[in-house]
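Could you slot chain B onto chain A? The hints should help.
Protein chains: 2
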Amino acid sequence: MRDLHQVASEAREASYPLAFSSECKRNLALKNIANILAENAAEIFSANQADLQRSEENELPGPLLHRLKFDQAKLEQVILGLNSLQTIPDPLGKTTLSTEITPGLDLYRVSCPIGVVGVIFESRPDALVQIASLCIKSGNAVLLKGGSEAHDTNVILCTCIQKALQISGLPENGVQLLTSREEVSAMLKEDEYIDLIIPRGSNAFVRYIMDNSRIPVLGHSDGLCHVYIDREADPAMAIRLSVDSKTQNVSVCNAMETLLIHQEIAPAVLPELYKALLSKGVTVLGDSAVRQLIPCGTATDEDWSTEYLDYILSVKTVSSLQEAVSHINHFGSHHTDAIITQNIDTASDFLNQVDSAGVYWNVSTRFADGFVYGFGAEVGIATGKIHARGPMGLEGLTTYKYKLLGSGQTMDDIKQMKYSYTHIALDKADPTRIRRE
Amino acid sequence: MRDLHQVASEAREASYPLAFSSECKRNLALKNIANILAENAAEIFSANQADLQRSEENELPGPLLHRLKFDQAKLEQVILGLNSLQTIPDPLGKTTLSTEITPGLDLYRVSCPIGVVGVIFESRPDALVQIASLCIKSGNAVLLKGGSEAHDTNVILCTCIQKALQISGLPENGVQLLTSREEVSAMLKEDEYIDLIIPRGSNAFVRYIMDNSRIPVLGHSDGLCHVYIDREADPAMAIRLSVDSKTQNVSVCNAMETLLIHQEIAPAVLPELYKALLSKGVTVLGDSAVRQLIPCGTATDEDWSTEYLDYILSVKTVSSLQEAVSHINHFGSHHTDAIITQNIDTASDFLNQVDSAGVYWNVSTRFADGFVYGFGAEVGIATGKIHARGPMGLEGLTTYKYKLLGSGQTMDDIKQMKYSYTHIALDKADPTRIRRE
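Same order as they appear, the protein sequences are chains A and B.
For what it's worth, this note's numbering labels the leading residue of the first sequence as 1, then goes sequentially.
For what it's worth, this note's numbering labels the leading residue of the second sequence as 1, then goes sequentially.
Next comes chain A alone, as it looks inside the complex (with noise of 0.2 Å):
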């Protein structure tokens, strides 16, 4: 194994010359890793037909297989990928405040990179060079971990995006793979070297590194997402939305888990949504109020913490609002709860008191992620409150630092009242801005 404290010493050597690099120069960083992806295809192909070719030997489950598979068309998607964040506006330098403090003293609140990230991914191969990319684009160092089944696909990939930062003047300890356990165990020491640990996984994974580093986590543990229909709901557009938050794809975090309904419309709407699930293979569980309506499982008191992930969901009737505001904030996981009415008071209501990162109004639980929000892609999908929530683009991977530009103030001078705090609103752009390079 390597020596971690190096690896982490490096990436946040290298992550100055990132935060201080030109937009073109990172823009041109991108544009080069597309072009040796290209060049590279029959290698990367060939690498990935070798994990490919070992994990099916491993006897990996077929969906597992299918995502790690990279070929020509998923190339392509990477390339378009590539191109299309180069058109992305510049997430850094951008001024988000801008005060007079006293005359002659000014205050500007200027984007900037975090610095060093560590993301740990699934075994999507292609995932590798969304976040490298993204990170570049932000300014930030990352130090990457895939899964072990696309070790192959990993190691090419990296190899190709460090030698386009290379050619393009960039640091190329700016994009590391890690390729063990051991190495991701070290990384979570580094807290002198690494701010920001995104782990993509399952929850006790997430609770794992939260439990063995200093260095902040943002992630999510779970993604239980309800839909309430409430009373004034329309009976189509509900049967319609509630079909495709649960079945549109039921392996992902944006996926309907229970079904809250008003019990003054359940009689009205049940028994044909029962129907349109039934027909798509869903597997209904109630509570004793459901159970008289419809002939469904019954639900206990577990399965309103469960993440299916599958062609299952619970149905629980509730007498108001409120009783649906505060199931969804006591057994959900504030990623993303929907209601569907036609009352826009009940709907503002439902929309300011759930609790998630996502609320949503007449429509599919299954919009949540980075692209559907016009973020050009996500680096995760985060539930705790703390810097980014929801669908984590490049903004999350930027903090702000305070330029204060003055002509010689001291504090003794403001005790003295030879000058007092005017706080006045610049509405200007911070004038050290340029990077130079």
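Keep in mind that the hints were calculated from the coordinates and are not lab data.
Some hints here could point you the wrong way.
Copies of the same chain are indistinguishable here, so a pair counts whether it falls within one copy or spans any two.
To be verified - Here are the computed lysine-lysine pairs in the DSBU-like style, where the Cα-Cα straight-line distance is at most 30 Å:
#1 Lys418 to Lys280
#2 Lys69 to Lys418
#3 Lys428 to Lys94
#4 Lys415 to Lys275
#5 Lys415 to Lys69
#6 Lys25 to Lys163
Structure of chain B alone, referenced to chain A:
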């Protein structure tokens, strides 16, 4: 000891009505706190006398006794702060992004409270009112732990605040006081109910918190601030700002600890600066080049990493801006660092390359403070990169949620290309933001 799981759960329950409450009600609570504190002035002063007497018997050092004092002047200052906070615009319900995802489907990012915050602070009892009022204004519930010396004063202040919450129609459990270290340790386990811990205290204390909790922690460990005198500095300004940064208040986190000076300007500045520092009682320690110019003591490598919080200053010569930047990024604490120069290009390079929460040009480091920045007050100063950086005021106590307002859109329709993403910036405020009650 109370059951902290129960205490935290009550804080969580209180956080929902607080988050949903109108600006008017939260400002009313601040007004009522001011009134109730004034009505109970005699009882507060008498509790404070008990704290002072006990602390004198325990031989608490003079400066700490001074901070512990809560008298008429402190009360007036606290009431002034409460009144001024009422005039600050509501930090909640602000739309910070609005995008049309596809016709009839609009995305809004809207500011909202973090939820439940735990703050551990030092011996000043007035800090309790300041922190509690910032939390109420921003719709957060808060668990407070002050210094044990201030126990009696804190208890009565917290009782006054709870009474004010109650008569304002807000949950009194929104502000609760912890009174022992055991309760703090127990609080750290409540990651289900507490969203953020803000420890104000020593480096070792902040690290202890980070090592013993899964809850995100925002705090600053050190304030090792630098002033760099560039070769194009104005000598008189360089001396004035260095003296102010070092001596205006030596015991605070934004005081200078290390002075860096360009070797070309050192002969013209150091002798006079040394005299000025000596006259303020500062002990100067220098590297060998410094010692050739002034008769000071020897700075060892350890000095570059030492936060003196005292009348001591380490001085080092550098041969370039780059050397100054590297020294600061390596030895600094990422709090606040200043350059003194007449050259805007040099200044820009310094401000863009130094990796600190505050980067200053021609101004004393002593300006790093939430009140100075115009935030009304601060709940702490963060030196990490995640969530808030620098002085953390009301905005640092908020997060956001994504509201997606649709008209029946399903992901299935998108996949079948019935409509596609438009991603048009709307520049519109969230139509569901109004808090009814």
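Comparing the hints with the structure gives:
1. Lys418 to Lys280: Between copies only: 21 Å across chains, 75 Å inside a chain, cut-off 30 Å.
2. Lys69 to Lys418: between (69 Å within a copy, 29 Å between copies)
3. Lys428 to Lys94: Result: close both inside a copy and across copies, 11 Å intra and 21 Å inter.
4. Lys415 to Lys275: between (75 Å within a copy, 23 Å between copies)
5. Lys415 to Lys69: between (66 Å within a copy, 22 Å between copies)
6. Lys25 to Lys163: within (14 Å within a copy, 59 Å between copies)
In this structure, every one of the numbered hints holds.
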